[in-house]
Amino acid sequence: MTQTLPMAGAAAPTNTAGLTRKDYQGSPSTLCQGCGHNSIASQIVAACYEMNLVPEKILKFSGIGCSSKSPTYFLNRSFGFNGLHGRMPSVATGALFADASMHGIGVSGDGDTASIGMGQFKHVVRRNVDMVYIVENNGVYGLTKGQFSATAEVGLELKKQGTNQYMPIDICMESIASNATFVARSFAGDPKQVKELLKAAIAHNGIAVLDIISPCVTFNNQDNAYHSYAWGKDHEAPLHELSFIPARDEIMIEDIEPGAELEVELHDGSVVKLKKLGNDYNPTHRWEALKMLEEAQRENQLVTGLIYVEPAKSSFTDTYNLVDMPLNRLTEADLRPAHETIKMVNEMMF
Amino acid sequence: MNQKIVNEFSITVGTVNGSGSSTANNTILRAIFKMGIPVSGKNLFPSNIQGQPTWYTIRVNKDGFLGRDESQHIVVAINPASFARDLESVAPGGAFFYADDIKQPVTRTDITAYAMPIKQLIRAQAEVPSNLRDLVGNMVYVGILAQMIGIDLEKIHAALDFHFKHREKPTMMNFNTVKAGVDWARANLTKADPFFLEPMNKTDGMIMADGNTAAALGAIYGGVQFAAWYPITPATSLAESLNDYLPILRKREDGKHTYAVVQAEDELAALGMSIGAGWGGLRAMTSTSGPGLSLMTEFAGLAYYAEVPVVIWDVQRIGPSTGLPTRTSQGDLTFTAHIGHGDSHSVILLPGDVFECFEFGWKALDLAERLQTPIFVLSDLDMGMNQWMSKPFEYPNTPMDRGKVLTEKDIEGLKGNWGRYLDKDGDGIPYRTLPGNQHPMSAYFTRGTGHDEYAKYTEEAHIFHRVMERLKLKHETAKEYVPAPIVRETRGAEVGILAFGSTESAVEEARAQLAADGLKSSMMRVRAIPFNKTVEKFIQKYEQVIVVEMNRDGQMHQLLCMDFPALAPKLKSVAFQDGLPASAKWIREGILKFAKPAKSSPKGKKKVAVKKTSAKKGAKK
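Going down the list, the sequences are from chains A and B.
Numbering of the first sequence is given in my numbering, commencing with residue 1 and proceeding in unit increments.
Numbering of the second sequence is given in my numbering, commencing with residue 1 and proceeding in unit increments.
Heads up, none of these hints are tricks.
List time: in silico EDC-like cross-link candidates among lysine to aspartate or glutamate, alpha-carbon distance up to 20 Å:
#, chain 1, residue 1, chain 2, residue 2
1, B, Lys251, B, Glu240
2, B, Lys415, B, Glu453
3, A, Lys57, B, Asp410
4, B, Lys256, A, Glu332
5, B, Lys251, A, Asp324
Think of the hints as simulated: they come from the structure by calculation, not from any bench.
Isolated chain B (complex conformation):
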């Protein structure tokens, strides 16, 4: 055996989707998490219900870098169909655990291979009924792996107890199967690979959750009252989480409801209903993914122009069209930024982790009512559907912002003299009344057609122009309200890195690697559009700013160039998309195309000159 490798490797399980392996994989993930070791789990699954190859990849990293690792150190092969590919994928020196009923040759000698008698062991488990053998059988590899790399059995029990909602029978049936795997491995296998887990205390006080659940919980703490949605991967679990948690968190003694969740007939209706509810004065939202957002476009344009508060979560997946429904992406950015026909500017929130999915869950509802406009929250499949370590969710630290609403008393005070689209405060945000207001002067007529400051129909050229200019002013005002970017400055940094969303962990890992090589960088994670002053200042400060994102065309880069044309020559794009979660590898390689570590060349100055040349090339494009 080579030198021990502790708490710094990845495990990939190749299995068949719909075979119940997700319980097993989540159990491994949670048990490692409970051992205090930083860990992430990513389900790389096909758009299929049952029978297709699927992979689950777990990254263990003592330093907390939890982006996807492109090297696979430990591979567990359960699926005959992907056996050859799984075998091929093991990194040299890695370990290969495989079900011994797969009668295929293990042709590699540079790895350690362990055959697992899964079928035989599960048949010996008398308490497992024959119809559950395939499902529970996955626990055998959990046990064997636990024995071989050192997963704490107590933590496995805790993970199973959580998964089965503290029901003893299924918990014990699965746990006993895990133990059977452990016992067999102890008696029959000799450790020959270098991978070990050792307890740490780096997850103390943390929770583990997925972004969709966090978003739904955040919305509930934001007082969501209405949500309409249409099933779509990877957003479905967001709406389903509302259904799971609303009855618990908004329970009343009289058993009545302060909310409604409606499964609509399509995404057009989902946003239509949410807009109706938002117009009616409810905290309203919908959740979807790219194809659904495409269908919502006309309604989004109407809500922008009619100034209706509504929150739209887009859990991004690969597009265009159906694209790859189960693969992650940051590809809806430019589409969302100007969604709708005619001139429009969207307010977009960009959560970077599960914690921010919760935070933006409630903040988005505040912003929608404050700014009277659709608020788009762009998450992605990786963040939305995978389990992430997170700081515990924090209770909202500000009271709800219900925005500018005039009550009966207010209208009486104004003697009925008010205008729905009148800019009284000079910030571009008008006042509104809510249906049900009983004052005879409260009502107004909402329309997508031309309207004046009093919501009356008009086709007057100068009035339309005025209305559109005010909407532009409102977008400027939005800069004061949206979440500010996160900036991590490094003293003496030669380059700025700008990223957003779920790529953060991979970007940080790439930065750490580059710093070790001698390239110092500062980092800005943008959390909202419109961009505020801080974004502009960051770009101004560095000779070049590399924009890292998970799409083909460099969409964030495009938007920044549009907003800051004078700074555009400094902005470089590292954009990559293949459907898999971001990895430090391509980010690092991408950055190196624009900036070289000083250390690699004895003459640092020469390197700077090279950098300038490449900057010029970029500008010419």
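Chain A extracted, bound-state conformation:
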């Protein structure tokens, strides 16, 4: 259809979808100043703009918590559903059947995913639902004022809470254990990497888990805390330098400098280029990925980058062999069996 788009400022550059960056923005954030989640929200805006996605083709989902408030702060022109604590995956799973051509972006937190929502998280991963699943991971509950979350490191000391006694849950390990087809870890303090990973995650056909360490400046940003800006900056160990090349973008491919170590082609023909940094790392082996995560834990490193990808798999909705027309555009003629069938049905009874 032809649509009247809101007038863009004369000078504002547009992408190939004819949209300006503004068309991807959300409402002003009400999160704390300096919250990692705000930085991730801006990278979602940037990634969608640069990928020339139409906001009307994106669905936003979230559960409950600081992280889950953030879908209001990006993509105002996209439909969004802020559901229940830990239950974002099920709502997204059902909604994505409505129009399988849409991109799903879910935002969750470490409490929403690794505690109350662990069951739904594991199952949305297992089903390979075609969506980006972002965990804005800061190790604490913010809205209830600073309790430990299940990803908090053992021994973490917080003013009111004392010392954390329990071993942390590793979102990436859990994802791989549940047969995720795309697993990455990043750091809100590394916006460029966040953006490139987001693009690859959106292009991926299936579940793409992004565990993004996103410091809570109010409750858990002490220099020695695993989820702090300072610790992250000191201990980040990127696996590779990563760039996303959209499908059929020949100029970009020619522009890539030689020396790129590995290319991973995604379902839609786009490519993730992984430039070697230090050791070789191939993100297509589950066992290697688990081993690397285990080593990173022992060596006290924040390993970031594309940890595991399995591009060939078909997504959850693919397996249902749905009609080409979005299901939510079907009408009575498509959905109600013909009048003469009722006789057959009655005969099928006894």
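Since chain A is already given, all that's left is putting chain B on it; use the hints.
Below, chain B without anything else, positioned relative to chain A:
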């Protein structure tokens, strides 16, 4: 032999669950049905896969009263573990058929006992492989019973042919075993009991189906596009029927699908997915029972407040908690009526039979989209899992109602000026857009948190108040849309009976018995909540209205008292629950606590005075 009793008795088979007896029992039921005799069959089974006692009770009734009969006229005992109890259960003058390998004494002399050499006869059936002997062996008692009470063999063949999906080999193997039973009984038994079947024409044009299958078929005719579910007795077969019939009824030439059925990881996810799909514009549903509904509570509250269309079937079983998973109940009514935290009012449909399970199957999907709210359909185990005689299912007589949905063109026409929760029409029902709408002004953000008419976050006190008041108005509007009650008025009736759901047949039987005793009553079967004007008028019309239901606390009675406080003193509760399907006996006895037949006392006026006293007592409570 006493006087012949024709087409008016019950048969109970006591067997071991998982032993294949359900095929035999269904065969008896279907054959009697095909003989034109009104019949019902109820499986009274334990929560177990194999090895526990289970009973199947068949009621034959020429007058069409098919509720459970508490008297057991013919008992077939196959299970040594329940032999003594089965023997005890036979009504005086009844018949007792038992497997002769059970070496237990038949101690009663007031009944007719027939020993059946089941093991011996099945061993003689050369075509039955040894691994199938136990299963097929059940057909021996079918044959013996057929010979002794007069079940038409041709109809038995038809029932087997249907059961085995027209495959000749299993049909004939089972049928030949039935015949072996017939031949043996003819040669060896002498009829000494009074029970006979004689063909009638009272089932002509009718079908036989269970409520769960009917519900699934109804949903398919309602254009269901998405169903997520989690296995739970007694609702499982509803979702499984969707899987059985969708591929047949929604088959397309290109082989592609217009629907998806997802087995979720739990009931929370099942409703979550269905809500996601309903929000996305799909006709979405889930099916569960009480424990599952408990888990769905938070999501149900969200869907009420966020105004998401979705259909939730609750095939009720006994609770609380696990309760009795295989026993029937009407115990989820008050729980469902206000499910969710904070203020909420549910729209509930109450099908009364298999035919209505089909009808409400498609109507619920219309109502969900029209009212933009969860629609609960409360069936129960008795209706859902047992085979019932029914009028044939009828094709929907109205086009699909997709409710108030704005397309790209509509939004363009409104120049983008619309509000998701804005009451434009004064009926409390707002307009919605569907994800995938490509107009840049179409999107909105759905949230359980406070929102204004434009779906924007707000904690403003007066706006929250306004939103909640509009939801209340919408519930009022729902009264115009939900199925009206069925009313059967009797001229000169002294009392009104109000019931709902699967108890109808038993209630009607109790009413007929009471009428014969001289107590005339009118009947209303409520089919939906919120209650509409007709319900109120019915209560106003009678001096007392007795609310009959299958739960402990009189939940329908409670809801009626809440909705019509001024009429509450007139409302009396007959509530009973033990896990078994309703029987006319307890209903009749319950009604008699409040109203006495005029005929039993020569002075009718005196009786009225007694009635008033009891009404006062009720009011004081």
